[in-house]
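S.K.: Whole structure, please, built from the sequences with the hints as guidance.
For what it's worth, our numbering labels the leading residue of the sequence shown as -16, then goes sequentially.
It is worth saying that the hints were derived from the structure and are not from the lab. Treat the hints loosely; a few may be bogus.
[Claimed, not checked] Simulated DEER-style distance windows between Cβ atoms: (1) L275 to K19: 22 to 28 Å; (2) T41 to Y306: 27 to 33 Å; (3) I299 to T30: 30 to 36 Å.
[What the hints assert, rightly or not] In silico DSS-like cross-links for lysine-lysine, where the CA-CA straight-line distance does not exceed 27 Å: (4) K219 to K15; (5) K141 to K206; (6) K206 to K219; (7) K219 to K10; (8) K206 to K10; (9) K10 to K141.
Computed from a prediction, not measured in an experiment: that's the story for all the values here. Quick reminder that beta carbons are idealized off the backbone N, C-alpha and C, glycines included.
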Amino acid sequence: MVGFPSIWAGLLLSALMLAWIAPFLEKVVFQKFRAKDASLATMLIVTLGLSFVLRFGTQAFYGGQVRTYVVPQVGSVFGYDVGLSAAKFFDFYVTGSGLTMHVIDTGPNPDQAMFTAAYSWLALLGLVVLTLGAALAAYRWRSGGAEGYGTSYTVGPKLSAAVAGIVTFVALLFLLAGGGSIPQSSSFSTRVRLSVMRASVIFIAVGMMASLHFLLQETKLGKAMRASSDNIDLAKITGINTDRVMMATWIIAGAFAAVGGVMLGVLFSQLTVNMGFFLLLPMFAGVILGGLQSVYGAILGSYIVGLSMDVGIYAIPNVGSTYRIPIAFAILFVVLLVKPEGITGGS
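M.R.: In structure tokens, the structure reads:
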């Protein structure tokens, strides 16, 4: 049985292990090939070969069987009982008068209605306008005279706008909610399934994205990383220790990959040697779609690809779950053909 204490311990241990293994592989393998001016194709072949060695080496040590465990539906978090894996169903009903949201809990009391909120079309219009207005105001304030308030090196205009927009949206969502009941008929209805465990993955991803953005934009190491990425020869001439930058990059990449792997295992309640191998294509498609030079683009592209894979098997006739990966491949093919620089641009 797995709960929050063991999950956090697994995250920490995995991050520390991969933060050591990744730079070790860089030092032993990749650095030597770069010293010989190996081509991109050669580095790709080396990477694939190394991935197979790690994969089958781990399988020989760990075994090929599936390891399963149980995440409790209800767990104690800071002394409070919280539904961890129990799903919350968000039912949305679109009617002529507005939008109704009905939330159902499937935890200790199955099918228990938590609350029902109704929004008129006028309230929804006000929510959108005020959210966009708050985001625009924060962007213009941060782009203009924010230096006098001591925030010149804290966050950028885009991040300020995003935070202001999200906070305003959530606050208005509660303030404008009116009481209501489930409508007898609606022009459109849908259901969204969410649990604390799945929501925690979103929050962790957003936190990692924000921390990486701060690292790249506001620290000397991040600026050295961006300089080395743009022109490694020029970075060497200006005195940047590119080997140290490369090591730091591998440490960060290893730690981030470990966090993603642990959360993947938690969501599926099982561990196999091959579970990450089959996600390489969707991850690659998400990064390419979002843009190689944008942290936010990678997150955006990944969510677009992931949602397209899940929605596509229902939206496309006679397509089963077997075709989830081919949908990601189709997205990757179209992006490379139409807009290879991705949504956020870049070279």
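S.K.: When you check the alpha-carbon spacing of K206 and K10, does it fall within 27 Å?
M.R.: holds, 22 Å
S.K.: Take the C-alpha atoms of K141 and K206, compute the straight-line distance between them, and say whether it is at most 27 Å.
M.R.: Holds, at roughly 18 Å.
S.K.: Taking the Cβ atom of I299 and the Cβ atom of T30, is their distance within the range 30 to 36 Å?
M.R.: Cβ of I299 to Cβ of T30: about 33 Å, so the range 30 to 36 Å holds.
S.K.: Between K206 and K219, does the CA-CA distance stay at or below 27 Å?
M.R.: holds, 13 Å
S.K.: Just to be careful, I want the Cα atoms of K219 and K15 compared with a cutoff of 27 Å; is the pair within it?
M.R.: At roughly 18 Å apart (the allowed maximum being 27 Å), K15 and K219 satisfy the hint.
S.K.: K219 and K10: Cα distance at most 27 Å?
M.R.: Roughly 18 Å between the alpha carbons, so the hint for K219 and K10 holds.
S.K.: Between L275 and K19, is the Cβ distance one that fits in 22 to 28 Å?
M.R.: Given a distance of about 25 Å, which is inside 22 to 28 Å, the answer is holds.
S.K.: Can you tell me whether the CB distance of T41 to Y306 sits inside 27 to 33 Å?
M.R.: Check passed, 28 Å falls within 27 to 33 Å.
S.K.: Quick one, are K10 and K141 close enough, alpha carbons at most 27 Å?
M.R.: violated, 36 Å
Hint 9 from the list above is the single one not met by this structure.
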